[in-house]
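As a plain string of letters, each chain reads:
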Amino acid sequence: MSDSSSPDTPTWSRRRLLMAVGAAGGSGAMYRLGTTLGLIPGFASAARPTLAPARGRRTVVILGAGISGLVAAYELGRAGYHCTVLEASHRAGGRNLTLRHGDKVDELGNPQTCPFDDDPDLYLNAGPARIPSTHERLLDYCREFDVALTPFVNDNHNAWVQDDAMFGGRPVRNREYVTDARGFMSELLAKGLAAHKIDAPLDAADTERLMGFLRAYGDLDEHHIYRGSSRAGYLNAGMVEPPLHKGVLDFSELLKSSFWQSNMHFAEGVDQAPMMMEPVGGMDKVVDAFMAKVGSRVHIGAQVRSVMVRDRDVEVVYRERGKDQQMWADYCLNCIPMHLLAGIPNNFPADYSGAFTAVARGKLLKLGLQARERFWEREQIYGGISWTAQDITQIWYPSHGIHRRKGVLLAAYIYGGPSSDRFADLPAAQRLELAIRQGEKVHPEYRRYIESGVSVAWHRMNHMLGCAAEWNEELYKQWFARLQAPVGNHYLMGDQVSLHPGWQEGAIHSALHAISDIDRRERAAQPGRLA
Amino acid sequence: MTRALILLYMLALVPAAAAGDDFLYCTTCHGADGNGNRAIRAPKIAGMEPWYVEAQLAAFRAGWRGTDPADAPGHEMRPVAAVLANDATVARAAAYVAAFAPGAAPVTVAGDAAHGATLYEACAACHGADGRGNETFAAPALAGQNDWYLVTQLHNYRDGRRGTHADDVHGATMRPLVATLVDEAAIVDVVAYINSLH
Numbered sequence: 003m004s005d006s007s008s009p010d011t012p013t014w015s016r017r018r019l020l021m022a023v024g025a026a027g028g029s030g031a032m033y034r035l036g037t038t039l040g041l042i043p044g045f046a047s048a049a050r051p052t053l054a055p056a057r058g059r060r061t062v063v064i065l066g067a068g069i070s071g072l073v074a075a076y077e078l079g080r081a082g083y084h085c086t087v088l089e090a091s092h093r094a095g096g097r098n099l100t101l102r103h104g105d106k107v108d109e110l111g112n113p114q115t116c117p118f119d120d121d122p123d124l125y126l127n128a129g130p131a132r133i134p135s136t137h138e139r140l141l142d143y144c145r146e147f148d149v150a151l152t153p154f155v156n157d158n159h160n161a162w163v164q165d166d167a168m169f170g171g172r173p174v175r176n177r178e179y180v181t182d183a184r185g186f187m188s189e190l191l192a193k194g195l196a197a198h199k200i201d202a203p204l205d206a207a208d209t210e211r212l213m214g215f216l217r218a219y220g221d222l223d224e225h226h227i228y229r230g231s232s233r234a235g236y237l238n239a240g241m242v243e244p245p246l247h248k249g250v251l252d253f254s255e256l257l258k259s260s261f262w263q264s265n266m267h268f269a270e271g272v273d274q275a276p277m278m279m280e281p282v283g284g285m286d287k288v289v290d291a292f293m294a295k296v297g298s299r300v301h302i303g304a305q306v307r308s309v310m311v312r313d314r315d316v317e318v319v320y321r322e323r324g325k326d327q328q329m330w331a332d333y334c335l336n337c338i339p340m341h342l343l344a345g346i347p348n349n350f351p352a353d354y355s356g357a358f359t360a361v362a363r364g365k366l367l368k369l370g371l372q373a374r375e376r377f378w379e380r381e382q383i384y385g386g387i388s389w390t391a392q393d394i395t396q397i398w399y400p401s402h403g404i405h406r407r408k409g410v411l412l413a414a415y416i417y418g419g420p421s422s423d424r425f426a427d428l429p430a431a432q433r434l435e436l437a438i439r440q441g442e443k444v445h446p447e448y449r450r451y452i453e454s455g456v457s458v459a460w461h462r463m464n465h466m467l468g469c470a471a472e473w474n475e476e477l478y479k480q481w482f483a484r485l486q487a488p489v490g491n492h493y494l495m496g497d498q499v500s501l502h503p504g505w506q507e508g509a510i511h512s513a514l515h516a517i518s519d520i521d522r523r524e525r526a527a528q529p530g531r532l533a
Numbered sequence: 007m008t009r010a011l012i013l014l015y016m017l018a019l020v021p022a023a024a025a026g027d028d029f030l031y032c033t034t035c036h037g038a039d040g041n042g043n044r045a046i047r048a049p050k051i052a053g054m055e056p057w058y059v060e061a062q063l064a065a066f067r068a069g070w071r072g073t074d075p076a077d078a079p080g081h082e083m084r085p086v087a088a089v090l091a092n093d094a095t096v097a098r099a100a101a102y103v104a105a106f107a108p109g110a111a112p113v114t115v116a117g118d119a120a121h122g123a124t125l126y127e128a129c130a131a132c133h134g135a136d137g138r139g140n141e142t143f144a145a146p147a148l149a150g151q152n153d154w155y156l157v158t159q160l161h162n163y164r165d166g167r168r169g170t171h172a173d174d175v176h177g178a179t180m181r182p183l184v185a186t187l188v189d190e191a192a193i194v195d196v197v198a199y200i201n202s203l204h
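Protein chains in written order, with my numbering: chain A, 3 to 533; chain B, 7 to 204.
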């Protein structure tokens, strides 16, 4: 075992190799962010708090019936708090929105009615659509409420990768791209190792193991040459006749695509990796389950007009059925998106409300198309995602309803930026046309299968005007700890006050964080009885 | 019997009340009391003159505003104006906006107000020395408006995102006047002066 090279030796010592790998890791950067903020909770996920029973009649007003608001209403209600939930829109759920036949899409300037056939498998999860195995709190509620879950295919090697920058725009199978890219990289690295063999401080056994690793990783031949791999798929079935191997793709073409920048590794992410799940029948089954518990506490169509924190309580004015109402509650749990809260009269201190304009609203857009036939399944694609460098970014194939006649594709999922605005700026019908036109580059026969569609531009939706809050490291440092702390008896909640904006799990944790703090204060107020 | 009367009373009230909230969606962007929301770059409409609200809704409907690719907030407003059914609906929307009570706009722009006062002389001819506007010249009130919004609109005129459509006669008169504000400091200074008008 040699580890004796001096620090300025240009060859790779074993220790330098390991250190280089560590330094390049994204997880290290994330850990730094977390520790800066003092937020690393340890390996185990925080348990659901056990709340002490409410002392007397303790009232809570919850602004917004999204996931965080519903969780808070459920947990506090169970502990005996008297909760009132005010929801501005025509429905509960917040961004947990499943669109089915006849559903209203309340987009400002672009009202739509979901045109899908009336069928339990034909829906679009326009907000959250997948649940990672690591999102324990959400899974815990699904377990408690008997929300049936089914596997969700997020990553499909048979789906397509399309980029106008490579192969003249011709799509290739995900497995071809990934297999050939790994083969080429492994061969390149093996050649480099062979060339440096004499100088390398790695001993013979290390080198042999590393070469073995590269052979296995890239499917190289015994001479460490990549000559194609069955991992890329066959040209024929190869069952009762010799398999016809695909040729090796031109690596310089693969490099021209932006696919390797992030989408190639998309499903490696802890929130995107198998095994993922979705509720049977639509993500809003989660909302239905909470509403079955707390629906009687929820005022639909009640729009908040002002929030004033007072010494011992919080005053909220809201408009319901054409009339302004005033109420006072011991605690206010506020799930209103920050960028909307900026337009609602309040008396928050500037070091708190300043965040409302500092943190940008996300501009995510989802678009669903109903297909008269599940043509993708005849292309050996069952669930998963095709990626394209066009504005639509991705095409999701439904994991449910396999081999039924029709299906709903998620035909565009745009994370924001100019692509999102290019779509959002169009009237609803033109968005569908653009999505179809771009989809034709992935599936040339696309158009003739599409029957109807619906789009949700979250930054144009009434009572929303945004998707996941666009935090970054600087903004977190400046605002997050203050926003997480209460102002008097007022708490800001929602995925916007989590390190996981855009995920229901983040929303749940923000709610549990707030109610745990309320519980701590309530116990402290009566230590003799409740400590 | 009493219950039945209450029910009848409620049934009679609800449709009228609901009609009054036909335009409640304006408050999603422009703030619960119409006093603007900087976070989504929606200006204060409380205190805006009904004739000006109507004119701007017409401008958005006609595509004089909200069509330039660089005018993102205008793009958000345009479809909302476009779905108003007809001129009568536009007038009702303007009447709805007129009911908002204007509050003090937060000061977000700091500049040399004394220098701005000199620059404002060119504006005063139409918008009035007190910045309260003049319908005769189709010049809206500037005093009390969100300062960040005034800056945005001066940029829009300067850069041709507003006032360039052939039919937008009043917008066209603004462009050469905005051109007298030669740099960013001039724009900030004149808005700082407008902030001092009450």
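Treat the hints with caution; some may be incorrect.
What the hints assert, rightly or not - To give an idea of the chain A side of the interface with chain B (calculated C-beta under 10 Å), a few residues:
| no. | residue |
| --- | --- |
| 1 | 300 |
| 2 | 308 |
| 3 | 426 |
Stated by the list, open to error - Now the stretches of chain A that chain B is said to cover, found in silico as 3 or more residues with beta-carbon under 8 Å:
| no. | region |
| --- | --- |
| 4 | 150 to 156 |
| 5 | 386 to 396 |
| 6 | 471 to 478 |
Rather than coming from a laboratory, the hints here were simulated on the basis of the structure. We put the beta carbon where it would ideally sit given N, CA and C, even for glycine.
Against the structure, the hints:
Restraint check, residue 300 (chain A) versus chain B: the minimum CB separation of about 19 Å is more than 10 Å; hint violated. With a least beta-carbon distance of about 7 Å to chain B, the hint placing residue 308 (chain A) at the interface is held under the 10 Å criterion. The beta carbon of residue 426 (chain A) is positioned within 10 Å of a beta carbon in chain B (closest approach about 8 Å), and the interface hint is therefore held. Beta-carbon proximity to chain B at under 8 Å applies to 0 residues in the region 150 to 156 of chain A; the threshold of 3 is not reached and the given coverage is violated.
Only when three residues or more bring their CB closer than 8 Å to a CB of chain B does the claim for the region 386 to 396 of chain A stand; here the count is 0, and the claim is violated. Interface restraint, the region 471 to 478 of chain A with chain B: violated (0 residues with C-beta to C-beta distance below 8 Å; minimum three).
Of the numbered hints listed earlier, those contradicted by the structure are 1, 4, 5 and 6.
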